[in-house]
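Q: Listed here are the chains, written in short residue letters.
Number of protein chains: 2
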Amino acid sequence: MTNLKEFMALEMPKIEEVMLDLVEKIQAPAILKEAMSYSLKAGGKRVRPLFVLAVLDHFGKNHANGYVVGSAVEMIHTYSLIHDDLPSMDNDDYRRGKLTNHKVYGEAYATLAGDALNTLPFGIIARMTDLTAEQKVTLIELLSVAAGAEGMVGGQVLDIDGETRQLTLDELVNVHVNKTGAILRFSIESGAVLAGASDEERAILRDYAYHIGLAFQIKDDILDIEGTTEELGKTAGKDVASDKSTYPALLTLDGAKEKLDIHYKGALTALGKLPSDSTLLEELATYIVKRNK
Amino acid sequence: MTNLKEFMALEMPKIEEVMLDLVEKIQAPAILKEAMSYSLKAGGKRVRPLFVLAVLDHFGKNHANGYVVGSAVEMIHTYSLIHDDLPSMDNDDYRRGKLTNHKVYGEAYATLAGDALNTLPFGIIARMTDLTAEQKVTLIELLSVAAGAEGMVGGQVLDIDGETRQLTLDELVNVHVNKTGAILRFSIESGAVLAGASDEERAILRDYAYHIGLAFQIKDDILDIEGTTEELGKTAGKDVASDKSTYPALLTLDGAKEKLDIHYKGALTALGKLPSDSTLLEELATYIVKRNK
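Chains as they are written, first to last, in the numbering used here: chain R, 1 to 293; chain U, 1001 to 1293.
The following block holds chain R by itself, in its conformation from the complex:
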């Protein structure tokens, strides 16, 4: 996977630079900007921006707009983590091996830093200079649906519901299509919008994104069992301890691994329908299912 490794080594610092600069240049109280940046800097795999860029790359387009839209989507993802870690939600003290936002800045500022990171991405897209107004409106509409009640937030509500009762497999799929899948789908589809892809190509990439989203979550569930707290940078074994509805809980660990393979192959099959070489997107799919954190 030399190709992907080089791509990540090259692009991750650029994504972070653009993203932190977008926060740095807003006119806002220093402590708020600090709290926002703290969680944005906290690392993570930057999977979502990498998908935006990989799609642009697939279509042979300049990456510049991808850093901006990738930053926007990483901000949405980061706000959801800040709120998810709050005592009233998952009550996590550590995330990616660092103290969570509210452990450093207190709950009030953490709530507000999350709120600000929810709002800012829409302004960032609206202010982009190298897009038509129509492209911006399309991206904003897709992001609002993916991030809000109809996507990620709705999925989180279903997920909380699943902590108090055993979900069916269909319900579990519905949780993850929304909770994790919607924002990954936006990442992939926004790359297609930026690249001016055809409707057919967009549909193929949505299919790819569907499988990627589920594979991502199934892998997370498996890592919660097979990974270590040290590797993950968050407490391993939490799902089992809390009797949460997960793929391994519903299907056994082997059953979950089979499902993971099905969605991995589904993602590759979708890519096979694209006219041009899709090595990078294939490698990203492989990375998602083979990662150990």
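What the hints contain is simulated information worked out from the structure, not anything from laboratory work.
Where is the CB? At the ideal position from N, CA and C, for every residue including glycine.
Some hints here could point you the wrong way.
[Said to hold, decoys possible] Beta-carbon label-pair distances, calculated as ranges:
#, chain 1, residue 1, chain 2, residue 2, range
1, U, Tyr1094, R, Ile31, 21 to 31 Å
2, R, Gln166, U, Gly1097, 32 to 42 Å
3, R, Glu171, U, Glu1034, 30 to 40 Å
4, R, Glu171, U, Ser1198, 26 to 36 Å
Add chain U to chain R, keeping to what the hints say.
A: Okay, now just chain U, sitting in the frame of chain R:
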């Protein structure tokens, strides 16, 4: 104020109908939609949508787009109240005489309902059918700035800062220009964008909005002292009890009333510069400074 009374009686039910319909028709978990609607239905003065409509009315434009943009801005306002009422923030059990969102739905769902109401407005504006893409992008950019770190959320951070130390008058003005003022300014300016007002008219209305925003907050501070818990639908006397930086605390009650009058007159002076009759906008200014809740 017959004119304004009739206007409010006519428009408030329409705003509520459009707003609740915009939530009702999204595809999301029923409990999430219920929690979102609960706080949207909790009443309030609907001042922000009324300003959108009053500006459209001033320019003789159809109100249809105003209901949608007014709903968007009321959603942002409502999300901020839901988060503000959380135990980690103001810890309020009642708002407008009704139980606060987290007292009914729990803190996790209240946080998520607020998040969803922060995200949805951008999608609502992006989906409007009767605007150019350029108008939508302008509205979305203005709303993102007004609602986020550079506006309302930034103001809330400054406001929390003011609970632990005595602010200067300049700092207090800065809190309120952002915390309350930014969203009121958006309400007024968005009406101008929808109406296709000239740059000069927009600048006059921004000046009007500046004075309205400060008058609104000073009046709130005065009502916290002079109003009753029953009238206000929230606990009166909280600011004094918590030794909060307010206009009366910095300027005495009489000094605060003088400031209120200055901004009231400032708002009317701005309106005097508009070419056509601005009775409704004048009456709204009067309503802001004379209200008893």
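Q: Hint by hint, say whether it matches the structure.
A: Verification of the supplied hints:
Evaluation of the 21 to 31 Å hint for tyrosine 1094 (chain U) and isoleucine 31 (chain R) yields a pass: the beta carbon distance comes to about 30 Å. A beta carbon spacing of about 40 Å between glutamine 166 (chain R) and glycine 1097 (chain U) agrees with the range 32 to 42 Å that was offered as a hint. Glutamate 171 (chain R) and glutamate 1034 (chain U) have their C-beta atoms about 19 Å apart, which leaves the hinted 30 to 40 Å range violated. A hinted range of 26 to 36 Å is violated for the C-beta pair glutamate 171 (chain R) and serine 1198 (chain U), which are about 54 Å apart.
Against the hints set out earlier in the document, violations occur for numbers 3 and 4.
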